[in-house]
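Novice: Place chain B with the ligands on chain A using the hints.
Residue numbers (numbering that gives the first Met the number 0), protein chains in the order written: chain A, 0 to 273; chain B, 0 to 342.
FYI, nobody ran anything at the bench for these hints, they're computed from the structure.
Where a beta carbon is used, it is the ideal one built from N, C-alpha and C, also for glycine.
Only true hints are included.
To be clear about the criterion: a stretch of chain B counts as covered by chain A if any three or more of its residues have a C-beta under 8 Å from a C-beta of chain A, and this derived list gives those stretches:
1) 60-71
2) 97-106
3) 241-253
4) 260-274
Here are the simulated BS3-like cross-link-like pairs (lysine-lysine), alpha carbons at most 27 Å apart as the crow flies:
5) A:Lys-78 to B:Lys-276
6) B:Lys-222 to A:Lys-270
7) A:Lys-270 to B:Lys-276
8) B:Lys-96 to B:Lys-222
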Amino acid sequence: MSCNPYMPVPAILEKVIQETSNIKTFLVRPAKPLVFKAGQFVELTVPGTGEAPFTPSSSPAESEKIELTIMRVGKVTEKLHALKPGAELAVRGPLGQPYPLAKYHGKEILIVGGGVGLAPLRALLFALLEEVDKYKKIIVRYGARTPADIVYRKAVEESWGRKDLDVMITVDKSDADWKGNEGVVTTILGPKKLTCNPGEGVAVVCGPPIMMKFATLEILKLGYAPENIYLSMEKNMSCGIGKCGHCRLGPYYACKDGPVFTYDRVKNLNKIWD
Amino acid sequence: MMYKLDITRLDDFLSAISTGRDVFALEESAGQYHLTRADSWQPGRHTLGAFRQVEPLKTLVFRPREFLGEIGRSRPEAVMPERIVIGVKNCDLSALKIHDHVFLNTEPADPLYREAREKTIIISCDCSAAREVCFCPAVGEQPYPKAGFDINISPTEHGYLVEAGSARGRQLLEKAGKFLAAADDALLKERDRNRRELTRKVCAQAEQNGLACGADLRRAVEKSQGGKIWDDFALDCVECGACNLICCTCHCFLLADGESKNKAFARVKQWDACLYKNFAAVAGGANPRRHRAERLYNRFEKKFSFFPEILGIYACDGCGRCVEACTGKIDIRKVLGRAVHEL
Ligand SMILES: Cc1cc2nc3c(=O)[nH]c(=O)nc-3n(C[C@H](O)[C@H](O)[C@H](O)COP(=O)(O)OP(=O)(O)OC[C@H]3O[C@@H](n4cnc5c(N)ncnc54)[C@H](O)[C@@H]3O)c2cc1C
Ligand code: SF4
Ligand code: SF4
Ligand code: SF4
Ligand code: FES
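Isolated chain A (complex conformation) (with noise of 0.2 Å):
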């Protein structure tokens, strides 16, 4: 039974690195390689208590080790965020289909995060700066509730002064000491602090359904066509293989043939953002 596509690989947490108060990036060493493609998702499992879906946040090139950035929010989180290094976990993946990087070639590509909703775009970042020269312009834009729940806020404000980069963070609530935009993300993807070419390039999202719902909406409006609009669908998992069922939008398994969809594959889909 080595082969058996439900059990995970053991895996130790080597690292863990805190965020904001409720989000922490865990470095993991699985006992075999783990190569994955940005946009695929793993199952990480908190021995004895269960396993959960995530998206690892860190660079694509490199699979001894993977971060995975993840936000407390029940049973399986709390565990995790109890762990110390040296914690035995366990690991399956990778799973789902990556973002179509050959297609991003030689284009303009705007990435709109919210939240935890980052660290999948992160692992995005490392593949696109690979090889930058590839693309026409990169810009992120990105969303938090505070300035304190900003991830990754020393490497987002080293990215400020990159010039193969266009940054921009926003917060919904801002205390004394934030010099940045202050409103929902949709703020900063208007015309006076965005410049993009919507017919030449693709956006991708990836955040809270409430922000990939009005974000995606902002999208469209700005001239993005369906079909180059890349969501994370972030559904109920548990095989993430195309056999639960749990997964299941419209006509598709999301851990199977996403979790990335392309906007016009799902827009007529009941409840989608939900």
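Specialist: Here is chain B with the ligands on its own, set in the frame of chain A:
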């Protein structure tokens, strides 16, 4: 090649082909059949059965709860014995098309399902009567198998008509050759007459219960989305999940973790039900099917829209088990009938 088996030799024939294997066969009790396990075919106790048994056939190949192994250790190689299941009816047999698609023909294959499927020899037979809840012809099926069996047996007044449907079935028939003779035309005609008559009867019965044969159920169900029909029927649903669990085509499950007997962390695969409130809920409280009516509709959408789209068949074969099992007395024939009527 069609064979004739003399009425008096059925027990000998079935004993011969099942020796050395675990036998799953039907036993009658209070007008119902139950699928039970034995070491051999037992004349007197076992019967081919006139219609399907209570337990869906899937319990043999997609079991209610399967041990997958301990986390970080390989699963002990427990070898499943070869088994033969006798008396399978067409509804259960066609349900396996769904499970085969999900667990076998879509990568990666499920190793537990594959093993169980390979180790299970299927001896099916024509129905000779129908339960009151049967409606197989209304979903494009019929009360006799056309494919998917190793051996099929058609009972007639003048003997059994026996045919193989696989290489494995042909080998078994060769082994039991001494009980078989070439079938004559008259027997074949008698079988076909029986088949036509029962199909007509089941069709009429479905119609009496609100569901005419030949309706486009896919279109009816898709059109009904969001309609009052679902609110109305959902009033009687108590979310027990019985309709899902008893259904011979439902394939949903959950991977669940806990501690094994050896005090190690282990994982099981167990049946799940989409009528349960949290089936599609995600952390943080979002739930695409928050309301009961949405969950009830989802079950029909999966069966009459999703599977027709991806596989070209309904994921309902008309066995009527959910009609008998439903705590809220929701009758799938009435639901479909109304959806068709409102088209
Ligand atoms: C493809 C994919 C990638 C994801 N990537 C990340 C990530 O990088 N970082 C991150 O913090 N979160 C991510 N999530 C969300 C994460 O999976 C949930 O937060 C996690 O399942 C919560 O588990 P829990 O046991 O702690 O929560 P609980 O509230 O105790 O359990 C939630 C229930 O929902 C189920 N569930 C299944 N799938 C999901 C889902 N998609 N979202 C929420 N609940 C789900 C759980 O199994 C359980 O039944 C991702 C989800 C998906 C589908
Ligand atoms: S539904 Fe059809 S095949 Fe199944 S037992 Fe009834 S009559 Fe036979
Ligand atoms: S939905 Fe009901 S009638 Fe149809 S296959 Fe399932 S249990 Fe049988
Ligand atoms: S069996 Fe009936 S009451 Fe129970 S969940 Fe299904 S429809 Fe609802
Ligand atoms: S998570 Fe099991 S089918 Fe998608």
